[in-house]
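From just these sequences and the hints, can you work out the full model?
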Amino acid sequence: MYRRWLWPGFAFPGILWLVVLFVLPFYAVIGVAFGTVDPILFRPVPAWNPLEWNVGWVLEVLDRLKPGGTLFNVAMRTLVFIAISLVLCLLIGYPVAYYIARHAGRMKAVLLVLLILPLWISYLMRMLAWVNLLAADGYVNRFLTYTHVLSQPRDWLGGRPSTVILALVYGYIPYLILPLFASLDRIDRSHLEAARDLGASPLATFRTVTLPLSKAGVLGGAVLITLPMFGDYYTPDIVSQSPKTSMIGNQIDFYFHYGSQPTIGAAITIILAVFLTAFMAYYMWTIHRASREVGQE
Amino acid sequence: MTAVAERRPQQLSAWSRVRGWVRNPWGRPRFLVVFTWVYMVWALVPVLIAVQFSFNETRSRTVWSGFSTRWYWGDPVDSVWHDPTLRQAAIQSLKLAAADVVIAVPIGVLLAIGLARWRGWGSRPSNFLMLFPLVTPEIVMGVSLLLIFTEIFTFIGTGTDAQILGHVTFSISYVVIIVRGRLFSIGRQYEEAAADLGASPRVALTRVLMPLLTPAIVASAAVVFAISLDDFVISQWLSSGGDTDTVPIRIYNATRAAPLPSTNAIATIMMVFTLLSLVFAFMAWRVFTRDERRARRSQDLASVLDI
Chain H
1 MYRRWLWPGF
11 AFPGILWLVV
21 LFVLPFYAVI
31 GVAFGTVDPI
41 LFRPVPAWNP
51 LEWNVGWVLE
61 VLDRLKPGGT
71 LFNVAMRTLV
81 FIAISLVLCL
91 LIGYPVAYYI
101 ARHAGRMKAV
111 LLVLLILPLW
121 ISYLMRMLAW
131 VNLLAADGYV
141 NRFLTYTHVL
151 SQPRDWLGGR
161 PSTVILALVY
171 GYIPYLILPL
181 FASLDRIDRS
191 HLEAARDLGA
201 SPLATFRTVT
211 LPLSKAGVLG
221 GAVLITLPMF
231 GDYYTPDIVS
241 QSPKTSMIGN
251 QIDFYFHYGS
261 QPTIGAAITI
271 ILAVFLTAFM
281 AYYMWTIHRA
291 SREVGQE
Chain L
298 MTAVAERRPQ
308 QLSAWSRVRG
318 WVRNPWGRPR
328 FLVVFTWVYM
338 VWALVPVLIA
348 VQFSFNETRS
358 RTVWSGFSTR
368 WYWGDPVDSV
378 WHDPTLRQAA
388 IQSLKLAAAD
398 VVIAVPIGVL
408 LAIGLARWRG
418 WGSRPSNFLM
428 LFPLVTPEIV
438 MGVSLLLIFT
448 EIFTFIGTGT
458 DAQILGHVTF
468 SISYVVIIVR
478 GRLFSIGRQY
488 EEAAADLGAS
498 PRVALTRVLM
508 PLLTPAIVAS
518 AAVVFAISLD
528 DFVISQWLSS
538 GGDTDTVPIR
548 IYNATRAAPL
558 PSTNAIATIM
568 MVFTLLSLVF
578 AFMAWRVFTR
588 DERRARRSQD
598 LASVLDI
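Chains H and L are the protein sequences, given in the same order. The first sequence begins at 1 in the numbering used here and counts up one residue at a time. The second sequence begins at 298 in the numbering used here and counts up one residue at a time.
If you only want the chain H side, here are some residues facing chain L, beta carbon under 8 Å, derived: (1) Trp17; (2) Val29; (3) Leu124; (4) Leu133; (5) Gly231; (6) Ile287.
Chain L residues, not near chain H, derived (Cβ > 10 Å throughout): (7) Ser362; (8) Gly363; (9) Phe364; (10) Tyr369; (11) Pro373; (12) His379; (13) Asp380; (14) Pro381; (15) Gln486; (16) Val500; (17) Pro512; (18) Val515; (19) Gly539; (20) Asp597.
Restraint ranges, calculated between C-beta atoms of paired labels, are given here: (21) L:Val399 with H:Ala194: 51 to 59 Å; (22) L:Gly484 with H:Tyr282: 24 to 32 Å; (23) L:Phe452 with H:Pro39: 22 to 30 Å.
No lab work stands behind these hints, which were simulated from the structure alone. Note that beta-carbon positions come from the ideal geometry of N, C-alpha and C, so glycine has one too.
Here it is in C-alpha cells:
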C-alpha cells in the first residue's frame, strides 16, 4: 500500500499546482470568451456552465479575421512577419550551426559559449540595445550617413516592418541555432565519409546526407521560435509603436490593457491557441522523444 | 599519403593561411568561418554597446562622452540607486525570483522523481500535462492567469502574490526537465543496491538518491532564478502597476518613453545577476560531480591499461 502510493504522492503537489494554475486558467479564458458583457458596466460576465455558453463573441472575432474584416490585415501581417523572420533565422542560423558542429575544431567550446550567451541575456535588454543603436543619432544612422549610404538619418523606429523583422530575427535566432547545432552535431561522421567514398561531391553529400539528417533540428527549432513569435507583442511595441506593424499579440494586449474589452481579447486568445495546437503538439512530441532517448542511453 | 599532408592547415603559417584565404575566399570552411564570427559580433556587440552607454557621462544613450558611474549611483535623482522606481523594480525582480526558486524547486524535484518512478494509469497524462507550460505561448498563459486571478480567485487579484504564482507555474517544468535528465543518467541501480542492503524506501531516498540529485537541484535553482529575472510577459500581465513592476517591465516602459542611461544601467545589473547565477550553477555542477568524473576517468584508464 505504502509503495503503491509513494510515487504518485511525490508527483501530487506538482500535478495539483498545474491543474489549478495552468488547466483551470484555460477554462477561465473559455468562460470569459463564451460569456456575455454586462451592458451597463461593460465588464465581462463569464459563463462557467457549458450549457450557457454564448458563441457570439468568438464568431464575431472569426468574422473580423475574414478578408475585409478589421483583424484580417493584422492576421496576415503576423503570418508574413513570422514567415520572413523564420526564413531569415534559418538562412543565418544554419551556416553558423553547421560551422560550429562540423569545422570549429579547437574553437568549438568558445563558440558554443558565445552561442548560448544571448539566451541568458534578457530579451528586453537585447531589444533595448537595438533601440539605442537605431535611434536618430544612434550608431547605425551615424555609420550609414558617414559612409554616405544615407544622405540623412533615417527614422528606423518610426513603424518600419523591416525594423520589426530585424528585431524578431535578433530576438529569436539564438533559440533556433541551439537545436540546429544539436542535430548537426549528432550526425555520425561515418555517414558523410561513406557518401564521399561512394563518389558524392561535397555538395551532393550535404544535400543527400547532412540536410535530411538535420531535418528534426530544423523543424524542432522552427516550431520552438514560431510559437512565441505568434504571441509576441512587446517586440513591435518596443521597436515601432506604430499600428502599421501591429501583430495579433498586440491586439490581445490592446483589448485587455487599453481597450478594456477582455471578452474580445479572450476570444482572440482562444482562436490563437487553437490555431497553434498543431505546432504545440509537434513540439511536445519532440521533447517527449528527446527525453526518451536520454532515458535509453 | 598526400591527402594526409594536405589536411593539416595548423602547420601552415598564419600569413600563408591569410594569403590563401584572399586568393580563394570560397574554399570549404572559409566562408563559414567569416559568417559565423560576423554572426557572433552581430549577436553580442549591440548588448556590449548598451552596457557601454550605461557608463555614459551625459544623458545620451547614443553619443558617447566619457566614462562615469553616474547612472549607477552618482546621480542624486535619476541613478539606479537613487531613483525609487528603479530601485523598487530591482527589489521586485529579485523578490519574485527568490520566491520562485523557493517554491518551484521543491515541487519540481518531487514531481520529477514521482513521474520517473510512477508506473500507473495517471502517469502518462501527468507527463503530458508537465510538458504543456513549455510549449504554450507566454501571452496565452498571461491571459489565462490574469483571468483566473480577476474572475475566479478574486481574493488573490493582481500583484506580487499573483506574479509569484505565475512564475512558479512556468518554472516547474524546467525543474522537472533538468532533474529528470539527471535521474535517467544515474539510473536505478544505486537505490536498488541500497534496498538490497536493507535500506527502507525512505532511507534510500534521503541517503542515496537526494545526494546524487544535488547537482541537478542546484542547477535547476539557478536556471529558475535566471528565467524568473528575465521574464517579462507573465510579470506584466499579473502586475498591478507601481510597486509590482519588475525590471523588464521598467525597460519596456522606458523604451516607449525617453529612456535615460539609467535604464541601461539597471538592465546591465540584472544581466550580471543572471549570468552570475548560471556561472554558479555550472561551478556547482562541476564540484558536485567531480568524484564521478574522477571515477569515470580511472575506469577509462583501467580499461585502456586492460586491468
